[in-house]
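Peer 1: Protein sequences, first through last, are from chains A and B. Going by this note's numbering, the residue at position 63 of the first sequence is 63; the numbering climbs one at a time, nothing skipped. Position in the second sequence (from 1) plus 1000 gives the number in this note's numbering.
Since the hints were derived computationally from the structure, they do not count as laboratory data. Among the clues, some could well be false.
[Unchecked claim] Below, in silico cross-link-like pairs of lysine-lysine (DSSO-like), each with a Cα-Cα straight-line distance of 30 Å or less:
1. A:Lys50 <-> B:Lys1138
2. A:Lys50 <-> B:Lys1040
3. A:Lys5 <-> A:Lys23
4. B:Lys1142 <-> A:Lys23
5. A:Lys50 <-> B:Lys1078
6. A:Lys42 <-> B:Lys1040
7. B:Lys1119 <-> A:Lys39
Keep in mind it's a predicted model, so treat the numbers as computed, not measured.
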Amino acid sequence: MAKSKPRIKVPKKAAKGDVITLKTLISHKMESGQRKDKKGEKIPRQIINKFTCEFNGATVFSCDIEPAVSANPYLQFTAKIEESGEFQFTWTADNGDVFKKSQKITVA
Amino acid sequence: MQQLTRRQMLALGSGAAVITMLPVAPILAAGSEFEMRVKKFAGTAMIREGGIELDLPEIAENGNTVPMSVSVGSPMTKADHVQQVMVLAEGNPLPGVITFNFSHMSGSAEASTRMRLAKTQNVVAVARMSDGSVRMVKSVVKVTIGGCGG
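Sequences are here, hints too, so could you generate the full structure?
Peer 2: Quick look at the structure:
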C-alpha cells in the first residue's frame, strides 16, 4: 500500500480567545469493502476509522469515520485558542496503522 | 377483441408482480439499519427538526466525493455545547458516514469533509447537545454518477 502522507493547515499565531480553522488531509485510498475485484470477490475494507485532534494533551475534536468518507479524507474543523501550545493530530487505520502530525501555535 | 394467449397472460402477471414487489424491498432494507442508527444515537430524547445547518450541493456530479459541511448554532461553553453530530446517508449500502465529536474547546460546532454517495438520496445530520436534546436535519442530494464501486 502506498504510504499515507498527512498534511495539515494550522495558523502559526493567534490572539487569545480566537476561534481558528484547522484543515487536514491525508492520502489514503479508503477501501470501502463494497467493491469487488476482477474475480468478483469483495475487496476487504481498509479505511482510516478514527481521527483525533489534541491541544496540549486535551482532545479538542475527534471523529469516527465510516467507509462513506471519500478517498484521501479531508477534514475541516475549528478550535478556540486560549494559550500557546501544540496541536497533535492522529489518524488510525483499520489495520492498526497510526499516522501523526503536530504543530505549535503561539498566542501573541 | 383479441383473446390473450397463455404466454401473454404470464408476461402480464409477472410484470405486475415485479411492480408490486419493488417499492417495498428497498425502503425496508434502508429503513431498518438507518432508523436503528438514529434511535441508538438519540436514545430516549425527543428528536427536534431543525437547528442544524447541513450544507450540501443540490446536484453532485460525482458521487465519489461530495463536499459536506455541518454547523450547529451553540455558544460552545463547558455548560452548553454540542457533543456529537452524526451524518447518515439513507441510500448508501451502509448508512453511516461520519460522527464528529466536539468539545467546549472546539470554539464552534462546525466541520466539513467529503463523502461518497451511491445514488440520489437523503442525507441526514443528527446532533446531540450537552443538555441531552437531539436535533435533526435532512437534505436531498441528486447524484449523477454513484460513488460506491460495483
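Peer 1: A separate judgement is required for each hint: does it hold in the structure or not?
Peer 2: These are the hints, each one checked on the structure:
1. A:Lys50 <-> B:Lys1138: Roughly 25 Å separates the two Cα atoms, so the pair holds.
2. A:Lys50 <-> B:Lys1040: holds (20 Å)
3. A:Lys5 <-> A:Lys23: Distance ~14 Å between A:Lys5 and A:Lys23 Cα, so the pair holds.
4. B:Lys1142 <-> A:Lys23: Answer holds: B:Lys1142 to A:Lys23 is near 27 Å, not above 30 Å.
5. A:Lys50 <-> B:Lys1078: Holds, at about 24 Å.
6. A:Lys42 <-> B:Lys1040: Roughly 29 Å between the alpha carbons, so the hint for A:Lys42 and B:Lys1040 holds.
7. B:Lys1119 <-> A:Lys39: holds (25 Å)
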